[in-house]
Amino acid sequence: MEAILMHQPGGPEVLRSHTIPTPTLQRDTELLVRLRAAGVNPVHTKIRQRGPYHANALPMILGCDGAGMVEAIGPGVRHYSVGDEVYFCHGGLGAAPGNYAEYTVIDERWVAPKPTCLSFEQAAAAPLVLIAAWEALYDRARLGMGQRVLIHGGAGGVGHVAIQLAKLREAHVCTTISTEDKANFVTALGVDHAIYYPRIDFVAGVMNWTGDQGVDVAFDTVGEPVLSRTFAAVKPYGDIVTLLSPTPDTDWKTARTRNLRVGYELMLTPALQGLTQAQQHQVRILQECTRWFDAGKLHIHVGQTFPLSQAAEAHRLVESGQVIGKVVLQMPAG
Numbered sequence: 001m002e003a004i005l006m007h008q009p010g011g012p013e014v015l016r017s018h019t020i021p022t023p024t025l026q027r028d029t030e031l032l033v034r035l036r037a038a039g040v041n042p043v044h045t046k047i048r049q050r051g052p053y054h055a056n057a058l059p060m061i062l063g064c065d066g067a068g069m070v071e072a073i074g075p076g077v078r079h080y081s082v083g084d085e086v087y088f089c090h091g092g093l094g095a096a097p098g099n100y101a102e103y104t105v106i107d108e109r110w111v112a113p114k115p116t117c118l119s120f121e122q123a124a125a126a127p128l129v130l131i132a133a134w135e136a137l138y139d140r141a142r143l144g145m146g147q148r149v150l151i152h153g154g155a156g157g158v159g160h161v162a163i164q165l166a167k168l169r170e171a172h173v174c175t176t177i178s179t180e181d182k183a184n185f186v187t188a189l190g191v192d193h194a195i196y197y198p199r200i201d202f203v204a205g206v207m208n209w210t211g212d213q214g215v216d217v218a219f220d221t222v223g224e225p226v227l228s229r230t231f232a233a234v235k236p237y238g239d240i241v242t243l244l245s246p247t248p249d250t251d252w253k254t255a256r257t258r259n260l261r262v263g264y265e266l267m268l269t270p271a272l273q274g275l276t277q278a279q280q281h282q283v284r285i286l287q288e289c290t291r292w293f294d295a296g297k298l299h300i301h302v303g304q305t306f307p308l309s310q311a312a313e314a315h316r317l318v319e320s321g322q323v324i325g326k327v328v329l330q331m332p333a334g
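Take the sequence shown: its position 149, counting from 1, is numbered 149 in the UniProt record's numbering, and each next residue is one higher.
Warning: the hint list may mix true and false statements.
What follows is a set of in silico ranges between Cβ atoms, one per label pair, in the way DEER data are often shown [claimed, not checked]: (1) P307 to I200: 35 to 45 Å; (2) R284 to H54: 36 to 46 Å; (3) R284 to P307: 47 to 57 Å; (4) G76 to D181: 46 to 56 Å; (5) N208 to R27: 52 to 62 Å; (6) R50 to Q273: 29 to 39 Å; (7) Q213 to T22: 29 to 39 Å; (8) Q213 to K253: 33 to 43 Å; (9) S320 to Y138: 40 to 50 Å; (10) L25 to A278: 21 to 31 Å; (11) P9 to T269: 20 to 30 Å.
Below 20 Å or equal to it, Euclidean Cα-Cα: the simulated SDA-like pairs (lysine to any residue) are [claimed, not checked]: (12) K297 to E121; (13) K235 to P270; (14) K46 to G94; (15) K46 to A204; (16) K235 to S119; (17) K46 to Y264; (18) K297 to P307; (19) K235 to P248; (20) K235 to L266; (21) K297 to D201; (22) K46 to Q322; (23) K235 to L268; (24) K297 to H172; (25) K297 to P113; (26) K46 to A57; (27) K167 to H193; (28) K46 to P236; (29) K235 to G211; (30) K46 to T24; (31) K167 to T276; (32) K46 to S81; (33) K297 to N259; (34) K46 to K235; (35) K297 to P270; (36) K253 to R229; (37) K167 to G321; (38) K297 to K253; (39) K235 to Y264; (40) K297 to Q26.
Since the hints were derived computationally from the structure, they do not count as laboratory data. Just so it is clear, CB atoms sit at the ideal spot from N, CA and C, and this is done for glycine as well.
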């Protein structure tokens, strides 16, 4: 099969196409999935730059998000059959092969039925961002009906899903955008207020929107220096959740004086630490989102697709920060 291997950390050029053996079932509860598409996320570019989370994992296949069709099942599989369409977030961190490949083997516990209304490309774009946004807004911030929430980068992969999840909780949503196209995009998603941050101070914009109260919840998808500045946009006793790590310059004083509850969202933690119950929770998130997609309550936007062989170009585009929605790799037809 064709797969994109990374033999050493570095720039996008380290991602190279190779022909390797197709994986085989090793356990009774595993599925052999013919991948049709794989999502490309910013975390994959970071792993490519610095190396895998696990020691001695090179060469490795990147890619956590995948969607495809079941081609073979182990004798202990109970919930899936050959021909079923599935999607999932699994592998690609170093311990298990990722999804920049034509095939993968995965335990049936870690897959969910693909939404019937989505293409394989759309389905492959969804898992990581769905889980990250759900855990940040619902599990960490406990977002509730009528609350006001600031979502940074609303036109991005996580951001555009977070807007929709917030609206499903009947929250009022404000987001930051950098272009007119992105403003039109988030408006179509139902955002209540968009702040054009290159020209307008987003803290001032939030205060104007909330009558100088601040938002109940802020979701930082950008990192410093935006994280520190966001503390001032959250009302006292409010919540802020970030996808990124703080730095030595993070302004904890403002967060403390406003008595904010600060949460971190790293949706990879269950996979990295082998937390089975947390992984099962993430699969339940995908199962619920499958129902919402098929009911027309959720949508995923694929900004651009690339053939598998052009994984390096896909990484370059993701690193440019110019994508609306998600970037996806398509597998060779066959």
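Against the range 35 to 45 Å, how does the distance between the Cβ atoms of P307 and I200 compare: consistent or not? For P307 and I200 the Cβ distance comes to about 39 Å; the hint holds.
Given the hinted pair K297 and H172, is their Cα-Cα distance within 20 Å? Holds - the C-alpha atoms of H172 and K297 are around 17 Å apart, at most 20 Å.
Given a hint of 29 to 39 Å, does the C-beta separation of R50 and Q273 actually sit inside it? violated, 19 Å
Proposed proximity, Y264 with K46 (alpha carbon, max 20 Å): Holds. K46 to Y264 sits at ~18 Å (cutoff 20 Å).
Pair hint K167 and T276, alpha-carbon separation not exceeding 20 Å: The hint is violated at about 30 Å.
Run the distance test for K167 versus H193: straight-line Cα separation, threshold 20 Å. Holds: K167 and H193 sit about 13 Å apart, inside 20 Å.
For the pair supplied as a hint, K297 and P307, is the alpha-carbon distance within the 20 Å limit? violated, 29 Å
Is it true that R284 and H54 lie within 36 to 46 Å of each other by Cβ? Violated, since R284 and H54 (Cβ atoms, about 26 Å apart) do not stay within the stated range.
For the pair supplied as a hint, K235 and S119, is the alpha-carbon distance within the 20 Å limit? Roughly 41 Å separates the two Cα atoms, so the pair is violated.
Straight-line Cα separation of K235 and L266 no greater than 20 Å? Distance of about 24 Å is beyond 20 Å: violated.
CA of K297 to CA of E121, is that 20 Å or under? holds, 19 Å
Quick check on a hinted range of 52 to 62 Å for N208 and R27, using CB atoms only. For R27 against N208, whose Cβ atoms are near 57 Å apart, the range 52 to 62 Å holds.
Going down the numbered hints, you'll see the structure goes against 2, 3, 6, 7, 8, 9, 13, 15, 16, 18, 19, 20, 21, 23, 28, 30, 31, 32, 33, 34, 35, 37, 38, 40, while the others check out.
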